[in-house]
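Sequences listed follow chains S and W, in order. Here our numbering is used: position 378 in the first sequence is 674, and no number is missing along the way. Here our numbering is used: position 38 in the second sequence is 62, and no number is missing along the way.
Estimated spans, in silico, between C-beta atoms of each pair: (1) S:R326 - W:I82: 43 to 51 Å; (2) S:Q795 - W:L47: 42 to 50 Å; (3) S:R326 - W:V115: 21 to 29 Å; (4) S:L663 - W:F107: 37 to 45 Å; (5) W:A32 - S:R731: 53 to 61 Å; (6) S:R326 - W:F107: 28 to 36 Å; (7) S:A361 - W:A87: 21 to 29 Å; (8) S:D364 - W:E88: 25 to 33 Å; (9) S:L719 - W:R48: 42 to 50 Å; (10) W:P81 - S:L472: 26 to 34 Å; (11) W:I103 - S:D568: 30 to 38 Å; (12) W:T101 - S:L719: 45 to 53 Å.
Just so you know, the hints here were simulated from the structure itself, not pulled from any lab data. The structure presented is a predicted model; accordingly, all values stated were derived computationally and were not measured. Just so it is clear, CB atoms sit at the ideal spot from N, CA and C, and this is done for glycine as well.
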Amino acid sequence: MSAAVPYLLAAAVVMPAVMGAAILLTLRHRLRGSRLASLASCLALTAIAAALVAHASGGTIESYALGDWRAPFGIVLVLDRLSAMMLLLTAVLAFAVMIYAVATGIDRKGWHFHPLFQFQLLGLNGAFLTGDLFNLFVFFEVLLIASYGLLLHAQGAERLKVGVQYVVINLVGSTLFLVGVGLLYGVTGTLNMADLAVRVAAAPAGDQSLIAASALVLMTVFALKAAAAPLHFWLPGAYAATTGAVAALFAIMTKVGAYAIIRTGTLIFGADAGAAAFGVAPWLLPAGIATAFIGFIGLFAARSLRSMAAWSVLGSMGVLLAAVATFRVEAMGPSLYYVLHSTLAGAALFLVVDLIATRRGEQGDALTLAPRFCQAGILSGLFFLAAVGTIGLPPLSGFIGKLLILDGVRAAPAAAWIWATVLVTTLIGVLAFARAGSLIFWKSSTLEGEIPTRALRGRVMGVSAAAGLLACLALLSLLGGPVTAYADAAAAQLFDPGQYIAAVLGDKTGALR
Amino acid sequence: MTMEMLVASAIAVLTAAGVYLVLRARTFPVVLGLAFLSYAINLFLFAMGRLVINRPPIYDKAAEGYTDPLPQALVLTAIVIAFGMTAFVVVLALRTFLETGADHVDGREDAETGS
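Just chain S, with the same shape it has in the complex (with noise of 0.2 Å):
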């Protein structure tokens, strides 16, 4: 088992970029061909995601060094604890992602929905698993071209006015984050991150302020992707614009700069990188806080669910970049787990979100009062839990997850503010969906007639995609210990860089040099 581990890491790469190429070449025109081709991709990727999980709480951190070059000179891909958990969330949203895709047949308007869905997890896939800060770069370029395509699927005004701001502001970010990667490679010399981790700690004092230059300018980067404010504008818009399905998908791609941020901000800009060390720490704390405000407040300036679905994917981002720029290992467990559970509830949320708009006809999802339409029972249910899930309110995952934060940055000298943050949104987030529900839901009840449905698309199988996600969250909950053990011990190896350089680069360490 633990032989074969090396190739599932690649094949977690790999699989993607072949399923993608092969839907596209050979698939092109077979949509039930590239339906299969793809749904089947998900799942044996979910299976690789769980056995890597199983292999990487052992502790033991691996390494596969892409065509057997090593380490400092080759790319390498790492799996510790944190890579493998956000290689299965990510396996575990996309499927059920696909599952609604294809239940509801938006997969159908428009070309290459298939190939550019695969492209996009490839993408996800390595920025998770690289070791190296170029190939970074270059995942990212991977994962933003893909839903470039996605974002603009199915096409219309709206979508294709959105996408021009989320292309230019993402160009933007690519470029800024190769001064980032070219200030830190003429100071070390060096890509890799684990040899980076060694040499910013052993940089002379000339280079350090060098180093925390091209650190915050990284630093900006990952929060341009996290969408922190005040780098956030162009998430709202975007989110609400594209189709449910991308936008579930999208829950994700704020995390991975979050993951970034994490990843960069312990390894190689940790405790040990003299002038650099935590320091995005002071700039990232203000900016989660004004996140999390801006997420919760602004879903009361929404006018349709779709744009609330957003606004709460912003103000759970807030919540967690905070919990993160405490850089404590206490804190950082619960931001895990966190991150789990605002994943998927976002995805869920789209998801429900979505489903009630093609019921209302021409209401759409507009916050307005409109007779009743089909399986309004069900989605009422639906989207209470989704809302439930998305505000952190008991028995699901989000409640644990912000009282586990709330408990883990209780040292840190920004507490008071973190809590108050957290306890504050929450009540915020309460009311704005509260006044939600109660508008599209009970209000709209008293209205005489019923909003005809022609032909609906995935009556069962959309509606249990939607129903897994929420499930998902509450066995987040029922298993609470185990996971909240995984994600305190994943804290713990990224609090200890030493075990992955030790990993990454062997013994060698200082023969080669």
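Since chain S is already given, all that's left is putting chain W on it; use the hints.
For chain W alone, kept in the frame of chain S given last:
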């Protein structure tokens, strides 16, 4: 004037032009600005391997020293990505203009006509 000074000024001018154009609200200047920015970054990455003349990048028995080959590989990757993305943005901007009738990046309607 030294070579370092010339290269640094070139990067500075390209970046300034790029930032100015990206901040314009219409798609065509924005696309040009993105192109300028990517030129600036390519030069910058190239210079990060230090400016060395008359040295080979790969192994040579007679060589006294080497120039760093890695930034050249990075620049090549960056050029390919930037080129592809520029082509994509141009098509996207054209499509948006044709569908919405406005070339504002923020999607606003055109107030003045004929300009």
